[in-house]
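Enquirer: Sequence:
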Amino acid sequence: MNDPIHTGKTILAFDTALTGCNVALMTAEGDDYSEQVETQRDQAKLLVPMTQDILKRAELTYQDIDLIVVTNGPGSFTGLRLGLATARALALALDCPVIGINSFDFVRAHYQKNGIRDPLLVVLETKRQDFYVQAYDGSGQPQGDPVATSAANIAEYYDLLAYKIGGDCIERVVADVGLDNLSVLGNIMQPDPILLCYLALSRPLPEAGERPEPLYLRGADVSLPKNLPRQLER
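Heads up: the sequence shown begins at 10 in the working numbering, then just goes up one per residue.
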């Protein structure tokens with residue numbers, strides 16, 4: 010566990026957009042619990058049982074939850090839809106707000122927790138030939154919009170030597186970019202989901218009834234000019 014932060018709220022967080030099924034709970038007293046299972050296909054079978062188990066460990070029930078946090082992409086289409094649908098269903102049943110955290114911020118928080126304070130380029134797997142990309146400055150603030158783009162465009166549009174490069178597909182992006190002397194960090198496939206709770210503490214609560222929308226690739230199946238990064242919808 011991390012040192013307790015007395016938030017006054019019990020926060021349930023989960024991620025199924027990246028690799029695996031990841032669930033965390035932060036109690037109103039600041040105690041935290043997390044569970045992670047590495048899987049590509051079984052999130053739908055695991056998410057609810059893992060949530061029930063983590064509540065049991067904390068000696069709490071669903072009715073004790075004050076806030077739900079969920080990753081809203083980009084990531085696996087099936088996993089992303091599962092996470093958002095579960096968050097919305099729980100929020101409706103419990104009458105509590107939901108905060109969405111994008112996958113880039115989730116991964117960035119992992120590196121910051123491990124002491125990285127340099128400008129950071131987060132590169133995530135698309136399961137296609139391109140990559141999801143988001144740049145951050147040294148304070149962790151996003152630089153520009155996230156994009157899905159090719160390795161050639163990454164090399165052209167970003168000053169790669171000015172960034173640490175992190176994400177879940179480091180070997181592939183380094184090989185495809187084809188540049189030497191890049192400053193790369195270790196692959197992170199499953200960040201600790203308790204980071205989602207900490208990220209949510211710095212976000213404003215949504216309006217009543219507002220739910221996070223998925224962060225998708227706009228026009229993913231439409232032919233686009235090859236040399237232009239495709240913008241992601243928020």
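In short, the hints are calculated from the structure, not lab data.
A portion of the hints provided could be inaccurate.
Think about it this way: if two alpha-carbon atoms lie no more than 30 Å apart in a straight line, the pair counts; the simulated DSS-like pairs of lysine-lysine are [said to hold, decoys possible]:
{"no.": "1", "residue 1": "Lys136", "residue 2": "Lys173"}
{"no.": "2", "residue 1": "Lys54", "residue 2": "Lys18"}
{"no.": "3", "residue 1": "Lys136", "residue 2": "Lys122"}
{"no.": "4", "residue 1": "Lys136", "residue 2": "Lys65"}
{"no.": "5", "residue 1": "Lys54", "residue 2": "Lys65"}
{"no.": "6", "residue 1": "Lys65", "residue 2": "Lys18"}
{"no.": "7", "residue 1": "Lys136", "residue 2": "Lys54"}
{"no.": "8", "residue 1": "Lys173", "residue 2": "Lys122"}
{"no.": "9", "residue 1": "Lys122", "residue 2": "Lys18"}
This one's a predicted model, so the numbers in the text were calculated from it and none came from an experiment.
Enquirer: Now tell me, hint by hint, if it's right for this structure.
Expert: To see whether the hints hold, each was checked on the structure:
no., hint, result
1, Lys136 - Lys173, "22 Å, holds"
2, Lys54 - Lys18, "28 Å, holds"
3, Lys136 - Lys122, "27 Å, holds"
4, Lys136 - Lys65, "36 Å, violated"
5, Lys54 - Lys65, "18 Å, holds"
6, Lys65 - Lys18, "17 Å, holds"
7, Lys136 - Lys54, "23 Å, holds"
8, Lys173 - Lys122, "15 Å, holds"
9, Lys122 - Lys18, "22 Å, holds"
When held up to the earlier numbered hints, the structure conflicts with hint 4 and nothing else.
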